[in-house]
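K.L.:
One letter stands for each residue in the lines below.
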Amino acid sequence: MSDYYISNRTFFLSGSKIYSSEGSGSGVDKTKGVEMTKEWLWNPNDITILDVLEISKQVSGSYYYVRDTMGL
Amino acid sequence: MPDLNPTIAGRYINTGLDFSGTTGWTTAMPHTDSTSNSATTADNHRAQTIYTIFGYAGATVTTSDVRCVMMSFDSSGISEAPASATLKIFGHTNQETGQPSSHATNGILGLKVTGMASTTAVTTSDWGDIDLSGAGPVLYTDTLATWNIVGDATEHNIFTLNSTALTDMADNTTFQIAIFHKFFYDHYDSNPPFAHGNNSPNGDDDFSAAAGAYFLSEADYKPVLSYTAAATAELTTLKVLSGNLTLKGGNLTIK
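Residue numbers (the working numbering), protein chains in the order written: chain A, 1 to 72; chain B, 1 to 255.
By construction, these hints were calculated from the structure, which means they are not laboratory data.
Yeah, the Cβ is synthetic: ideal placement off N, Cα and C, and Gly gets one too.
Treat the hints with care, since some could be wrong.
What the hints assert, rightly or not - Residues from chain B that keep clear of chain A, each with C-beta distances beyond 12 angstroms, as calculated: (1) Leu-17; (2) Ser-38; (3) Thr-62; (4) Thr-86; (5) Ser-102; (6) Leu-139; (7) Thr-143; (8) Thr-164; (9) Tyr-221; (10) Lys-222; (11) Ala-231; (12) Thr-232; (13) Val-240.
To be verified - EDC-like, lysine to aspartate or glutamate: derived pairs with alpha carbons at most 20 angstroms apart: (14) B:Lys-222 / B:Asp-74; (15) A:Lys-57 / B:Asp-18; (16) A:Lys-57 / B:Asp-205; (17) A:Lys-38 / B:Asp-18; (18) A:Lys-38 / A:Glu-22; (19) B:Lys-88 / B:Asp-152; (20) A:Lys-17 / A:Asp-29; (21) A:Lys-32 / A:Asp-68; (22) A:Lys-57 / B:Asp-206.
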């Protein structure tokens with residue numbers, strides 16, 4: 001499990017939830033992270049549902065975050 | 001040629017996920033009584049309003065994201081099936097019609113909708129109306145192999161409506177249509193649309209295409225339904241076998 005970078009955002013685990021902040025590397029301000037929710041997926045952005053599955057796998061170690069936490 | 005703008009147009013989205021099988025596609029389909037995850041007319045959704053994704057994250061982990069633009073026109077003034085009709089839609093930002101565009105599933109087309117909950121708003125329950133109580137989907141247009149967007153030399157896209165659509169324009173007081181990728185139409189009842197193991201149209205394990213369309217917020221870019229009214233029958237002969245023919249006013253011209 002590790003942070004995952006895609007479309008100029010870094011996704012990371014904080015507690016039991018996945019958040020994302022703009023940018024990559026040490027410049028990422030994780031204190032201003034936005035929670036990855038299903039509403040976030042349905043709003044316009046460059047992240048597809050396939051990307052969300054991969055983010056879940058890379059950051060939490062499991063695809064099931066999408067179902068258990070995002071409610072998809 | 002009369003022109004009509006929609007009374008409502010907006011974007012619908014529905015997603016599917018299956019962590020232990022291949023139903024990630026079929027669970028997103030607009031079957032009767034199904035609802036969409038979201039329906040909106042917000043302008044920031046225009047860039048991804050015609051959108052189709054299906055993919056495998058593993059042999060038994062499947063997901064999909066299907067979106068369309070749906071609209072309703074007031075056709076109460078049309079009493080006879082028009083001789084012809086077209087639907088003009090202005091594209092927005094994204095132009096993908098397939099993946100790849102050379103595949104048989106490439107294109108964007110229009111499908112019949114009846115029974116939208118409102119003719120002035122979009123609601124998630126409209127999603128199931130695409131299935132036409134189990135008879136759908138039914139094709140309403142030709143297929144456009146490319147998609148123009150505002151900013152290009154040709155900013156719009158013109159669908160030609162088929163005879164089913166022309167008849168419905170006259171038979172119903174509202175004319176409703178949803179615009180999808182052809183991939184969606186071709187695989188509506190397929191589960192899954194392709195097997196795991198690099199069998200997608202471009203030879204990998206996913207399909208992804210996005211195109212955009214304007215809704216109603218900008219007057220110059222609203223969708224336009226244009227039709228040519230059916231020709232009225234002309235009197236070719238006039239016989240008076242007996243009695244009298246009296247004209248009390250007006251003209252009688254025989255050429």
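K.L.:
Now tell me, hint by hint, if it's right for this structure.
P.N.:
Verification of the hints:
1. Listed as outside the interface, Leu-17 of chain B is inconsistent with that label: its C-beta sits roughly 5 angstroms from the nearest C-beta of chain A, within the 12 angstroms cut-off.
2. Chain A draws Ser-38 of chain B into its interface by the beta-carbon criterion, the shortest separation being 5 angstroms against a cut-off of 12 angstroms.
3. Non-interface call for Thr-62 of chain B relative to chain A: violated, since the shortest CB-CB distance, roughly 10 angstroms, does not exceed 12 angstroms.
4. Against the 12 angstroms criterion, Thr-86 of chain B stays outside the reach of chain A, whose nearest CB is about 29 angstroms from its own CB.
5. Consistency note on Ser-102 of chain B: stated as away from chain A, and its beta-carbon is indeed over 12 angstroms from all of that chain's, at 22 angstroms minimum.
6. Residue-level check passed: Leu-139 of chain B sits 27 angstroms from the nearest beta carbon of chain A, beyond 12 angstroms.
7. For Thr-143 of chain B, the shortest C-beta to C-beta distance to chain A comes to about 24 angstroms, beyond the 12 angstroms cut-off, and the non-interface label holds.
8. Look at Thr-164 of chain B: its CB is around 32 angstroms from the nearest CB on chain A, clear of 12 angstroms, so calling it non-interface holds up.
9. For Tyr-221 of chain B, the shortest C-beta to C-beta distance to chain A comes to about 18 angstroms, beyond the 12 angstroms cut-off, and the non-interface label holds.
10. Non-interface status of Lys-222 of chain B relative to chain A is upheld: no Cβ of that chain comes within 12 angstroms, the nearest being about 20 angstroms off.
11. The Cβ of Ala-231 of chain B lies farther than 12 angstroms from every Cβ of chain A, with a closest approach of about 46 angstroms, so its non-interface assignment holds.
12. Against chain A, the non-interface label of Thr-232 of chain B holds: every CB pair exceeds 12 angstroms, the least being about 48 angstroms.
13. Here Val-240 of chain B stays apart from chain A, with its beta-carbon at least about 71 angstroms from theirs, past the 12 angstroms limit.
14. Taking the CA atoms of Lys-222 of chain B and Asp-74 of chain B, the gap is about 15 angstroms. The hint holds against a cut of 20 angstroms.
15. Between the alpha carbons of Lys-57 of chain A and Asp-18 of chain B the distance comes to roughly 15 angstroms, so the proposed pair stays at or under 20 angstroms and holds.
16. With a CA separation close to 17 angstroms, the supplied pair Lys-57 of chain A and Asp-205 of chain B stays within the 20 angstroms bound.
17. Of the pairs offered as hints, the one joining Lys-38 of chain A and Asp-18 of chain B holds, with about 16 angstroms between alpha carbons and a cut-off of 20 angstroms not exceeded.
18. At most 20 angstroms may separate the alpha-carbon atoms for a hinted pair to count; Lys-38 of chain A and Glu-22 of chain A meet this at roughly 19 angstroms.
19. The straight-line distance between the Cα atoms of Lys-88 of chain B and Asp-152 of chain B is roughly 15 angstroms, inside the 20 angstroms bound, and the hint therefore holds.
20. Of the supplied pair hints, the one linking Lys-17 of chain A and Asp-29 of chain A holds, its CA atoms being roughly 16 angstroms apart against a limit of 20 angstroms.
21. At most 20 angstroms may separate the alpha-carbon atoms for a hinted pair to count; Lys-32 of chain A and Asp-68 of chain A exceed this at roughly 23 angstroms.
22. Distance check on the hinted pair: Lys-57 of chain A and Asp-206 of chain B sit about 17 angstroms apart at the alpha-carbon level, within 20 angstroms; holds.
When held up to the earlier numbered hints, the structure conflicts with 1, 2, 3, 21 and fits the remainder.
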